Structure formats: C-alpha cells, structure tokens
Amino acid sequence: MTVSSPDTATPNPLARFIPGSQDLKVITASDGFTEITVDRSRLIGVLRALRDRPELDCNLLLDVCGVDYPMNEQRFEVVYHLTSLAKGHRVRVRVPIDEDDPRVPTAYGIWKAADWFERETWDLMGIRFDGHPNLRRILTHEAFQGHALRKDYDPEKRWVLTEAETFVPDWVTEADDEEDFETQIINIGPSHPATHGTLRIVARLDGEVITRAECEIGYLHRCFEKMSETHGWAEVIPYTDRLNYCSSMINGVGYALAVEHMLGIEAPPRAQVVRVILSEFSRIMDHAVCLGATLVDVGALTNFWYFFQPREEIYTLLESCAGGRLTVSYARIGGLAHEVPADFEDQVRYLLGYIPKFVDDVDKLVSTNRIFRGRTEGIGAISAEDALAWGWTGPCLRACGVPYDLRRARPYLGYENYDFDVPVASTGDSYARYLVRLEEMRQSLRIIEQAIDNLPGGPVITDNHHAALPPKSKVYSEMEALIWHFKLIYEGIKVPAGSAYLATEGANGELGYYLVSDGGGKPYRIKVRPPCFAIFQAYPHLLDGHLVPDAIAILSSLNIIAGELDR
Amino acid sequence: MRPVTTVNVDRPRRGLGEWIYLGPIVKGLAVTLRHFLRNFFGQRDVATIQYPEEVRQYSERMRGRHILTTKEDGSLRCVACYMCETACPADCITIVAEEDPEATVEWEKLPVSFEIDLLRCVFCGFCVDACPKQALVMSRKHDFVFTTREEAIVGIDELKQKGPIEEQDLGYRPYY
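Respectively, the protein sequence lines represent chains A and S. Everything in the first sequence is counted per this note's numbering, starting at 62 for the first residue and increasing by one. Everything in the second sequence is counted per this note's numbering, starting at 15 for the first residue and increasing by one.
To be clear, the hints were calculated from the coordinates, so they are not data collected in a lab. Note that the structure is a prediction, hence the values are computed from the model and not measured. It cannot be assumed that every hint is accurate.
[To be verified] Partner residues aside, some chain S positions facing chain A, computed with beta carbon under 8 Å:
(1) Thr20
(2) Val23
(3) Thr46
(4) Tyr72
(5) Met76
(6) Pro103
(7) Cys138
(8) Ala144
(9) Tyr186
[As the list claims (entries may be wrong)] Below 20 Å or equal to it, Euclidean Cα-Cα: the simulated EDC-like pairs (lysine to aspartate or glutamate) are:
(10) A:Lys583 x S:Glu113
(11) A:Lys548 x S:Glu99
(12) S:Lys41 x A:Asp422
Ideal Cβ placement from N, Cα and C applies to all residues, glycine included.
Here chain S stands alone, though its shape is the one from the complex:
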C-alpha cells in the first residue's frame, strides 16, 4: 500500500499587499474583467442558453417520457409480463392483462390498461432494462405539464408510439 502523502493547504496571511486589500482586489478584478471581455468581444463562452427558444441537445441516452412501441400492424408489442412493474423502484407502473382475442397462437396476453404515474416515476430506466420485448423505451421528452394529479397518470393512449419509431425523438432504449 502506498504511504499517505499529504499536502498542507494552510495559507497564513502574507505581507502588506493583502492587508491593504489592493493586491487581491486588482487580481480579482482582472479575473472578472477577463471573463467579461472574452464573452463580450471574443469567443462566446456563455453557459446560458435562451430557453425555450433554444433548447439543449441531450444525448441519445436521455431518460425522458416513456413510449410503448408497436408492431408493424400497429398493435402493442407489450405482452403484459409485468417485468417492468416488478422492476420499478417507484412502483409507478400498473398493468392489467387479459387474453389477446386476436392472437394467432393460444394464450397470448396483452395489456388492457398500462398506466404510468409520471409524478411518481423517477426516470431511472429500470423498466426499459427489464422489458424482454423492447416494448417499452424512453424518449427525450422531459418537459411536460399537468394541471391535476390524475392527468399525470398516463395510459396506453398517451404512451403508445405515434408514427414510425424513427420519428420519435428516441432516448434511453436497449442495445446500449
């Protein structure tokens, strides 16, 4: 094991310069002036953005609002296996399953209702990790507004993918 090497960071007061404020004040002003001039004339190293006109580009892994993906015929890929519900640390997913009447094989399940309470959800992505059918993925949409608590509980209608999957502003999903 390496010996613990320490570095002492004590800074005793030094000299007259510190005592009469002047040195440190000039040094401090130089720092702020440098920032000011660089942002005003030169390279614009400004951290703020003009939200909402300008939005920050998030990565492909951004965990936002959920999407229930569909098969080519427009039906849900979800087979109501309850994996996401079990894995959810916030207990915000509620699934009610029934037998699929149009199934081509016997005993195929599908969700009658699939509800996510977006106010309870912590957006950890564990449901996406748990899904064995890639039926649940996340988009990058993270700014939503509700006026009541009931409105925040979204069902299949709100969650179902609308349009082709490529156009869905996809965020966190498997294959990463």
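Just chain A, with the same shape it has in the complex:
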C-alpha cells in the first residue's frame, strides 16, 4: 500500500540538516510536510536534531499517532507531526515497527507534549513507548481488552464493563513524612458542576494548598476515529460536530478542508467566505462560553447571561442556514450543504451590531474589577517555553506572548485577505487568557465585517460530482445526476490513496486532521489533533502550589471541552 504521493523531483531543503540523512528517506509530501522515514533505533537522534539544530528548530510537537497496516511487512507505523514556529516548516516523522515487537523509545524527554499523545497511542493502537513515565491507558478504562484502533479489532464488538474499580494514582497511598500539615486527597469530578465536562481530577492537599494532582479523562470517549473507519468520508461530518461542540462549525470546516486537499478540489469562493463568517461566529460563541463559565467559576454570574444572549442569536443564524443549532453539520466536502437563506446578510449585519455591546458590557463589568483580578492574576501562569513544550496552541499560547495563529501562520480559506490583529498578552495567567479571548471576539467581528462586505455570488458547493451530491432538482430529472447520487451514497467519495495533515485554527488552538486513505470510499485512518488534549495534559502541573478554588479558575480559563478531549 502506498501511503503518500511524494514530490521526489526536488530535493528536500531540510534534508541536509538531519544527521545521517544520506541513508534516510526524506521527501516533501503533498501536504507540504518534510517527511522523514526513520528506523526506531535512530528515532531519538533524529527527533533531538529536529528540536535542537537551529536550522530545523521544531519547537512544537503537534501530534503523535499510530497507524495500522496489516498488509505491510512492518505492520505498525508511529507518526510524529512537528512544526517550527520561527521557520514555519512542518515535519512528519514516520517510524515503521514490527508487529511482534511494537515498541519505540519515548519522546517525552524531548517534548513534554508527547506525554498524553503517547499514552493515547498505547491505549488505542497498542504501541509501547519505552521510558515513558506513566504509560497507562488514557481514553479507555484500565480493564479494557485489546486496542480499539487496530484493524483486527471488530468495530461491532460490545462488552459490558463489570469492574467498578476507579483509578487511584500511586502517590495517593505513598506516605509523606515531610508534610507537617494534615495531608488529604480530594477528588473533583467526573460529574461536578465546575469541571464543565466529564473529567476527573485527583489532588493531594497540604492544608489548603495543592501539592500534587493527576487527571483522568475518557469519560466521553466514543472512539470517533474507529467509527469514521466504518462510514464514508462524508458521513464523518456529523461526528466532527461533536468534537468541540461549542464551535461545531469550525470542526466541520477543518475536516472538509482536509478532505478537499486530498481530493485536490476547492470549495467555490462564496462557500469559502460563508465558512469564514460562520467559523468566526462560532469562535465568538466558543469564547463566550469559555469566558462566561470562567466568570461564573470566580463568582461573577451576570456575565454568563450577557454572553449567552448573543450566543443564542448566533445559534439562530446557524439554524437558519443549517437546520441545527448546536451540531450544525453544515459543511460538506466541496462546499456547504445549502445556499444560505435570503436574509443571511441582514442577519449577519444585525449580529455585528448586536454582539459588541455585550462584549463591552462584560469588559466594563469585570476587566478592572479588583476581586476578579485578584482571583485570576498570577493564577495558573505558564511561561512561553513551557507552554510550547507541552504543545499548547491557540489563545492559551497567545496569552504567554507567542503570536502563533494558524490563520496568519498558514492561511486557509483566504484568511490572508482579511485585516485583523493577533491578540497577545505576556503574563500567561488566567487573566491574560481572559483578555486574549475577549480581544479575539472583537477581532473575529472585524473579520466577519470584511467578509460580509465582500461576499461573492455563485454556488456554495462544487459541481465536481466525484465529491459533492448533485442538486436535487437534477437527481429527480436527469439520469446521470441520479447515477452520481447513487454512486456517492453507496460507494462514498473516492479519496485518492495517500495521507495528509491539515490544520485549522480552532477556538482552542490548532485543530489538525491527519487523514490516511487507501483509495476506497471510507477513511482508512483519521486522527484528530484536538487542541485541548495538549493543553489539558499540562493542567496537573499548573496546579502546584495553588488553592482548590484557583484550580477551578485555571480549569475554566483553559477551556477544556470534553467532547474534543475524549473523542
């Protein structure tokens, strides 16, 4: 099986900096990645060089995942996605490994971000990472049998979990003599109003101060990636809505863009601009939910209502376009499901006038309030280096002073044509994250304003019927359209064999889709890089020395969405 359509004609510009690149396979993949295939014995050397060589400077580990190719000689493949913020290049490292000895050395010592991503790969693909400090299952229960994403794991398999055992970290039972205060263990979640989703935090308190914490996730795990492998490419779109359900439009658009890239097609200009408008509205909603919840958690309830009022109005716009409010399923591969309603422009302009006053109200109400500042300033602060090491992206990274925004760094959907600023703060604490999100809502409104002024006419979905369903009027009347309709539904979209990683700027950060196709109508493998997965793995380490109420203030300022975290 071929897994990529490489550009072998031009030598890769980065190849000469990689140690021993003469006998490594270094190519430029079709999605712009420098692709290195390396044996596991040399993996750590290559990864270290990728991070430490100034010419390579890959300071952000985006994703680690496993792919199963039962037909290949070496069955498994571990795939690392890296990027350099300063240089802008992206690197993919592939490590083929044998079935009878599925292990690779851990990258945790190079990027801390590898922590949970490697645990996930172990959990779902059964690949061991030697030297990993805490290689336990992460998304499924400890008692789960097998590895769900392996191709020989039957997706129809159901079994009842009978063990009631809950996870208890080792350090809970450890005796600690140094602490003279009363030490106790508390448990927050998984069903707790302040966790805003089903996740569990176990914390050890010394008096009132948290001295150690660990998180357990996976309560909302539904193995979305396995489900995708049993359905067509188009049918994955409703699943993506359930990743970050506060901004479902962005997920669908990101997925559609990735598949369009593999198909080599592009959505019509009108669809692209509508996608921008609705994605930015979704971003505003997401930030509104996050800030509303943060403020509720520190005791400022009014703001929650001020933010939910415009949110309902945006939902009304989305519903009049797509028919659904929360899970919109509006994006399609090759464009959008339908033409926007006739009053779309009026509705957007109404919202443009309606939203700013609520943002300003919240700004006036709390931004300079001493109680709020006292609760959030210096709380959960993280340095830019640490944030990058943990794989942070999005508003949380920008709050540390790193102006990394994919809409600027790698523009898609014509974002290069819009005039907007990337908000950054310098302190990296909860207060900075609040300020960055508040400003991002204003910047999103700026983008929408420019987009609606230049909304082009024309169709909203491509007329390439290899990808998009023909219009219904033709299906009812024309034989050819009917045949296309049947073929697309029964066989699915035939995505050419290969793989691609495409990322968009989600509301929480870089939302990446790594897609592998074998040329059939169903995805061979879909890996989502959820932004809050990387952010949340640093959370237990942020808690050191904080109080329990601070832990809640930090959690909500990170905007952890369980649907995306657990997939």
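Fit chain S to the supplied structure of chain A, relying on the hints for placement.
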C-alpha cells in the same frame, strides 16, 4: 503573505481608583443598572421566553422528527432503496423491503418495515439529502417523550405523513 500584526492586551494595574474598588464597582453597577432599567421600563430586550406557553419560532430548515411522505393515493413514496440507511452516520434506520403486490409496473419495491431509532438518531439530515424520491423529509417537531427505549424506535405508522403535506409543520427538506 501579510505580516502578523499583533495587539498586546496586557492591562497593568492603574492608579488608586482600581485599588480602592470604587471606580470599577460603580462602572459595573452602571452596566447592570442600565440592563435592569431598559428591561423594566423601556424596550424589553429579554432573551428568555415563557416556555412551554410560548415557543421559539424555528427556521424552515429546522431538523426535527422525520416524516415519510405519501403519494396522492395515500401510499408511501418510499421505494426501499436503502439510500438513507446507507448514508446514516448513526446507523439508526432499518428497512425491510418486499415486492409491491399492487405495483403497476413489474418489480416495484416497497418497505414492509421502516424503523428509525430516535434515540440513536443525531438529526443531521443526511437521510433527507440521500433520498432520491423525496420520500423522507423532516418536520420541526423536536420535543418528544418516550418512557421506554423500545418506544423510541418508530415505524411506518408513526412516521407516515398524516393529512396534507402543507399542514405538516415542515422543516428540513430538499430544494434548499
């Protein structure tokens, strides 16, 4: 490519006003008082509605409970082609087909049973998009109650259109 223009949003603490609470508190009270007075006396900008006496008007595209449309003679338009079942991302549609005994042409199919598990259904509308006969559309009805899981699996009797199509509170359907 445009250069990345950034805007710094840091807000260092300023002056005595912030320190003694008073300024920001008065400013905050002004905001809430404005909302209160406007909602109490002036234009009622109240976001809440008195549900269930008052219901929100949804758009014509609202994806709600499915309707199996009928022909003029009252028989189902559905020809049991399994397109909706295939396109369903939630695998909630089950169709059993047989030959139509009253068909005017030979080998015409019709569904003996057409079941949708409304608890599995995610209301994405892909079945409506997939239907080549406009036999399956959606209404705007979205609030239904079941007391058992079995009750949530609805068949032809529950789904079949009752009365003329115009009176059906139609939601998501083709021609959009």
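Going down the list of hints, with the structure as the test:
1. Hint on threonine 20 of chain S holds. Least Cβ distance to chain A is approximately 5 Å, under the 8 Å limit.
2. Taken as an interface hint, valine 23 of chain S checks out: its beta carbon lies about 4 Å from the nearest beta carbon of chain A, inside 8 Å.
3. Proximity of threonine 46 of chain S to chain A holds as hinted, the smallest CB-CB distance being about 6 Å (cut-off 8 Å).
4. A hinted interface residue such as tyrosine 72 of chain S counts as satisfied when its beta carbon comes closer than 8 Å to some beta carbon of chain A; here the least separation is about 6 Å, so the hint holds.
5. Interface hint status for methionine 76 of chain S: upheld, as the beta-carbon distance to the closest one in chain A is roughly 6 Å, under 8 Å.
6. Contact between proline 103 of chain S and chain A, as hinted, is supported at the beta carbon level, the nearest pair being about 4 Å apart and thus within 8 Å.
7. Interface restraint check for cysteine 138 of chain S: the shortest CB-CB distance to chain A comes to about 4 Å, inside 8 Å, so the restraint holds.
8. The criterion of a C-beta within 8 Å of any C-beta in chain A is met by alanine 144 of chain S, whose closest approach is roughly 5 Å, and the hint holds.
9. A distance limit of 8 Å between C-beta atoms decides the matter here; for tyrosine 186 of chain S the minimum to chain A is near 4 Å, and the interface restraint holds.
10. For the given pair, lysine 583 of chain A sits about 31 Å from glutamate 113 of chain S by alpha-carbon distance, which is inconsistent with the 20 Å threshold.
11. For the suggested pair lysine 548 of chain A and glutamate 99 of chain S, the alpha carbons sit about 14 Å apart, so the restraint of at most 20 Å is met.
12. The suggested pairing of lysine 41 of chain S with aspartate 422 of chain A holds, with an alpha-carbon distance near 10 Å, which does not exceed 20 Å.
Hint check: a violation occurs at hint 10 only; the rest are consistent with the structure.
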